[in-house]
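Chemist: Sequence:
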Amino acid sequence: MPSVTEILLKLLLTLIATGCLVSIAKQRQNWVGRHARAVLVLLAAISVLAWFNFGSFHDRGGFQHKWEQLHYVLGSKYFPELGYDGLYAAAVLAIEEFDLSHRLPEKFLDQRNGALVPREVILEHGRSVRSGFTDERWKTFGQELSVYRVPRVMWQDHGYNPTPAWTFAGRLFTAHLPITKKTSKILGLVDVGLLALVFLLIWRTFGLVPVCCAMIIFGLNYNARFYWTGGAFLRQDWLAAVTVGICMLQRRNFTLAGLALAYAASVRVFPVLFLVPIGIHAVRCWTDGQTVAWIRPLFAGLAVGGVIMLVAGGLTGRGFEAWFESAERLQWLQSIKPFANDVGLRMPFITSLDNLRGELTVLNSLYDQTLIRDSYHALMESRSGLFWTAAFFMCGLVTWAAWRAPNPAQASVLGLALIFALLSPTCYYWIMLLLMPLRQPVQSTLAFLIVMLIAYVLHPVAYALYSAGYLAALNSPLAFGLMSGFMTLMFIYWLMPGRDLEVEYQKTDSVEAVPTCGKSLLSGK
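Going by numbering that gives the first Met the number 0, 509 is the number at position 510 of the sequence shown; the sequence numbering is gapless.
Derived by calculation from the structure, the hints in this document are not laboratory data. As the structure is a prediction and not an experimental result, all values here were calculated from the model. Any given hint could be a false lead.
Said to hold, decoys possible - Cβ-Cβ distance ranges computed for the label pairs, FRET-style:
| id | residue 1 | residue 2 | range |
| --- | --- | --- | --- |
| 1 | 152 | 329 | 56 to 62 Å |
| 2 | 14 | 152 | 30 to 36 Å |
| 3 | 330 | 25 | 37 to 43 Å |
| 4 | 127 | 99 | 17 to 23 Å |
| 5 | 33 | 157 | 48 to 54 Å |
| 6 | 177 | 330 | 34 to 40 Å |
| 7 | 382 | 403 | 27 to 33 Å |
| 8 | 131 | 7 | 47 to 53 Å |
| 9 | 185 | 362 | 36 to 42 Å |
Idealized CB from N, CA, C, for every residue including glycine.
Start from the sequences, fold in the hints, and give me the full structure.
Modeler: Next comes the structure, spelled out in structure tokens:
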């Protein structure tokens with residue numbers, strides 16, 4: 000499905016979903032209001048189909064995300080030989096040696112220092128990496144590399160950067176699996192299974208309305224469309240782990256919650272911020288004289304999970320040195336951030352008018368973002384006071400909401416706003432917005448849909464402005480800079496106190512509180 004068609008269809012679906020949810024929220028006695036639950040289920044099913052582009056997936060590219068899989072499948076399988084800086088160098092040498100029909104650019108990213116270098120430099124590095132392979136292993140690497148056909152620009156991407164903990168998890172699938180066209184398609188289904196687990200857990204723990212709202216947000220999320228990570232490999236394990244953690248908190252299985260959240264933090268780092276609102280909630284319980292005994296099993300789960308993942312990261316073929324190598328990679332990535340498709344509170348403050356107009360975009364290179372990055376860094380320095388004031392305000396709202404949360408599970412979800420305030424994850428990580436309906440499901444989803452309406456309307460407007468010559472280029476800073484601004488308003492609204500139609504919480508001890516259905520149009524009682 001062409002991108003324009005996808006955007007227009009999702010714009011229409013977002014309009015319909017917004018109208019239906021307005022009717023439900025206002026308890027209007029029209030057809031939608033009288034059949035609220037059935038309407039939500041239908042919207043949820045259509046939204047999930049929309050995420051898969053109604054079966055067209057990556058248009059001509061099919062279901063697999065070969066770009067992503069080349070990094071994460073081959074990067075994990077051959078991690079003992081490649082480490083964090085050898086994937087591109089070894090691949091280019093193998094393409095030359097085995098005469099594979101890959102199209103190569105003139106310059107490649109040197110993963111040792113992040114510089115774009117000519118073929119001779121990358122080949123020299125490749126020969127050094129090759130010395131770590133046995134002849135048989137090298138031949139297999141070349142054969143499996145031939146499974147993936149990727150655009151030339153991929154060789155200027157940011158390389159293989161997961162933590163050793165993720166590498167261990169990835170190698171559970173890839174280490175002894177022959178990579179063929181068939182098995183690579185199977186690996187692309189792992190995330191589909193994890194997403195199914197996410198929705199099943201939300202349904203069984205929080206109920207029908209929250210899971211329907213989560214599926215609507217998942218399917219109509221401009222930031223995390225199938226385009227980015229659909230058909231990739233093990234890209235949603237952290238999301239599944241966070242969901243398990245929140246659901247186990249709600250079920251009062253605090254040890255398992257700690258284990259799940261430890262896994263999420265070990266493979267993607269930023270999920271550690273989901274723990275902060277839980278700590279704030281625990282302090283409130285303690286000051287109110289309520290029991291906080293649940294902290295001990297939660298902390299035990301976190302500690303045990305952290306140790307397990309630390310040890311597991313050392314079993315990836317490069318010893319515990321892999322953790323130090325990973326830290327260096329993460330430090331390098333932070334030094335070249337923010338990227339043009341990052342989403343967070345800081346982005347509206349550091350996106351200049353020239354950037355919005357696309358005047359800093361290099362049209363012939365997807366990854367030459369030097370001018371964009373220099374502009375970001377200059378404005379970060381000059382507007383740091385404004386940003387930190389806004390971040391302090393939003394963190395204050397998170398603290399207030401966590402203090403008032405009825406239980407640890409409701410508090411943990413507030414980590415979404417904390418991540419938005421303090422970090423700027425790449426756009427596709429905002430698939431985590433599907434967790435918003437775990438508090439105030441209908442109101443949260445409405446706020447989200449309004450922001451998505453703006454995003455999907457901006458797409459054709461941007462095309463029109465570009466065609467009329469008002470924009471120098473269609474560019475990511477325009478899309479995600481503006482998106483970040485509107486999401487700021489969405490999070491502020493979301494953090495405000497409110498009473499949702501479907502899920503109410505008892506005003507008793509925060510640990511014992513469980514979701515109950517009040518009298519509402521949605522519950523039908």
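Chemist: Please list, smallest to largest, the hint numbers that this structure does not respect.
Modeler: Numbers 1, 3 - these are the hints that the structure violates, sorted from lowest upward.
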